[in-house]
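Colleague: If you want the building blocks of each chain, they are given just below.
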Amino acid sequence: DGGITQSPKYLFRKEGQNVTLSCEQNLNHDAMYWYRQDPGQGLRLIYYSQIVNDFQKGDIAEGYSVSREKKESFPLTVTSAQKNPTAFYLCASSRGLAGGPLSEQFFGPGTRLTVL
Amino acid sequence: SQQGEEDPQALSIQEGENATMNCSYKTSINNLQWYRQNSGRGLVHLILIRSNEREKHSGRLRVTLDTSKKSSSLLITASRAADTASYFCATEIYGGATNKLIFGTGTLLAVQP
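Protein chains in written order, with my numbering: chain A, 88 to 203; chain B, 7 to 119.
Just so you know, these hints were derived from the structure itself, not from any lab.
Incorrect hints may have been included.
Stated by the list, open to error - In silico SDA-like pairs for lysine to any residue, Cα to Cα no more than 20 angstroms straight-line: (1) A:Lys144 <-> B:Ile99; (2) B:Lys32 <-> A:Arg131; (3) A:Lys157 <-> A:Ala118; (4) B:Lys106 <-> A:Phe142; (5) B:Lys106 <-> A:Arg155; (6) B:Lys32 <-> B:Gln15; (7) B:Lys32 <-> A:Asn171; (8) B:Lys106 <-> A:Gln137; (9) B:Lys106 <-> A:Gly103; (10) A:Lys158 <-> A:Glu191; (11) A:Lys158 <-> B:Lys106; (12) A:Lys96 <-> A:Pro126; (13) B:Lys106 <-> A:Asp141; (14) A:Lys144 <-> A:Lys101; (15) B:Lys106 <-> A:Leu132; (16) A:Lys158 <-> A:Gly127; (17) B:Lys106 <-> A:Lys170; (18) B:Lys62 <-> A:Glu191; (19) B:Lys106 <-> A:Asn115; (20) B:Lys106 <-> A:Ser154; (21) A:Lys96 <-> B:Asn44; (22) A:Lys101 <-> A:Glu149; (23) B:Lys106 <-> A:Lys96; (24) B:Lys76 <-> B:Glu11; (25) A:Lys144 <-> B:Lys106; (26) A:Lys101 <-> A:Arg155; (27) B:Lys32 <-> A:Ile138; (28) A:Lys96 <-> B:Gly46.
To be verified - Restraint ranges, calculated between C-beta atoms of paired labels, are given here: (29) A:Gln104 <-> B:Gly22: 49 to 55 angstroms; (30) B:Ala88 <-> A:Arg100: 30 to 36 angstroms; (31) A:Ser109 <-> B:Asp13: 34 to 40 angstroms.
Note that this is a predicted model, so its numbers are computed, not measured.
All C-beta atoms, glycine included, are put in the ideal place defined by N, C-alpha and C.
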C-alpha cells in the first residue's frame with residue numbers, strides 16, 4: 088500500500104527532554120511537511136522540505152529541528168527549547184510542484200505529543 | 007491572523023440537508039483546496055480549485071471560488087452522518103522556489119442521523 092506513516096501515535100515526554108517524531112512515505116513524493124495542530128487553531132507549518140538534504144523553516148520553527156537525508160523520511164525533533172510542545176503533529180507529502188493539481192498534500196495519521 | 011478563515015466555526019444539520027461552509031483569505035493564491043479531518047486523524051484532500059476556475063464539482067461536493075472577493079464556499083449536498091468531521095480550506099501561495107499551503111481554522115460539521 089502506498090501512503091504516509093507516522094510513529095508513534097501517542098508520545099509522552101518529560102519537560103527538558105528532546106523527542107523525535109517519525110514520518111515515512113512511499114509515494115515517491117519530493118516534498119514533505121510538518122504541521123502542528125492545536126485545538127481551534129487549524130494547522131501551522133513548522134518545517135518543509137522540497138528535496139533531499141534541503142529544508143526550510145515554516146511559520147513556527149523555533150524549538151524544532153528536522154533532517155531530510157532520504158527522500159522517504161522526514162523526522163521532526165521537538166527540543167527542550169520548545170516552550171509549549173503539547174500538540175497534535177501532522178506530517179504530509181506532495182509531489183512538490185507549485186500550482187496545479189500536483190500540490191495536493193497527503194497526510195499521515197498524526198502523533199499526539201504530551202509533555203508531562 | 008490566519009490567511010484562511012472559515013465560517014461558521016461549527017455547523018449542526020440533519021441528515022439529508024445541505025451543508026455550506028465559507029472560507030475567506032487575504033492574499034493572491036495559486037489554488038484553494040478543501041480538506042476533511044475526522045476527529046484525531048490526519049487530513050484527507052477533498053477538492054482543489056485553481057485561481058482561474060469559478061466552480062468545481064466532485065460527487066456530492068461543490069466548490070466555488072470568487073477571487074475578486076477572496077472567498078470560497080464548500081457545499082455538501084444530501085449530507086450523511088458519515089460526513090461529520092472538521093473541514094479546512096487551504097490556500098496555496100507561491101513563495102519563490104516553493105509553494106506552501108496555508109490552512110484556515112476549520113468548520114466543525116455535525117450531521118445528526
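Colleague: Now tell me if each hint is right for this structure.
Modeller: Hint-by-hint comparison with the structure:
no. : hint                                     : verdict
1   : A:Lys144 <-> B:Ile99                     : holds, 16 angstroms
2   : B:Lys32 <-> A:Arg131                     : holds, 17 angstroms
3   : A:Lys157 <-> A:Ala118                    : holds, 12 angstroms
4   : B:Lys106 <-> A:Phe142                    : holds, 13 angstroms
5   : B:Lys106 <-> A:Arg155                    : holds, 18 angstroms
6   : B:Lys32 <-> B:Gln15                      : holds, 18 angstroms
7   : B:Lys32 <-> A:Asn171                     : violated, 28 angstroms
8   : B:Lys106 <-> A:Gln137                    : holds, 11 angstroms
9   : B:Lys106 <-> A:Gly103                    : violated, 31 angstroms
10  : A:Lys158 <-> A:Glu191                    : holds, 18 angstroms
11  : A:Lys158 <-> B:Lys106                    : holds, 19 angstroms
12  : A:Lys96 <-> A:Pro126                     : holds, 17 angstroms
13  : B:Lys106 <-> A:Asp141                    : holds, 15 angstroms
14  : A:Lys144 <-> A:Lys101                    : violated, 25 angstroms
15  : B:Lys106 <-> A:Leu132                    : holds, 9 angstroms
16  : A:Lys158 <-> A:Gly127                    : violated, 32 angstroms
17  : B:Lys106 <-> A:Lys170                    : violated, 25 angstroms
18  : B:Lys62 <-> A:Glu191                     : holds, 16 angstroms
19  : B:Lys106 <-> A:Asn115                    : holds, 19 angstroms
20  : B:Lys106 <-> A:Ser154                    : holds, 19 angstroms
21  : A:Lys96 <-> B:Asn44                      : holds, 15 angstroms
22  : A:Lys101 <-> A:Glu149                    : holds, 19 angstroms
23  : B:Lys106 <-> A:Lys96                     : violated, 26 angstroms
24  : B:Lys76 <-> B:Glu11                      : holds, 11 angstroms
25  : A:Lys144 <-> B:Lys106                    : holds, 11 angstroms
26  : A:Lys101 <-> A:Arg155                    : violated, 26 angstroms
27  : B:Lys32 <-> A:Ile138                     : violated, 29 angstroms
28  : A:Lys96 <-> B:Gly46                      : holds, 10 angstroms
29  : A:Gln104 <-> B:Gly22: 49 to 55 angstroms : holds, 50 angstroms
30  : B:Ala88 <-> A:Arg100: 30 to 36 angstroms : holds, 35 angstroms
31  : A:Ser109 <-> B:Asp13: 34 to 40 angstroms : holds, 36 angstroms
Taken one by one, the earlier hints fail for this structure at numbers 7, 9, 14, 16, 17, 23, 26 and 27, listed in ascending order.
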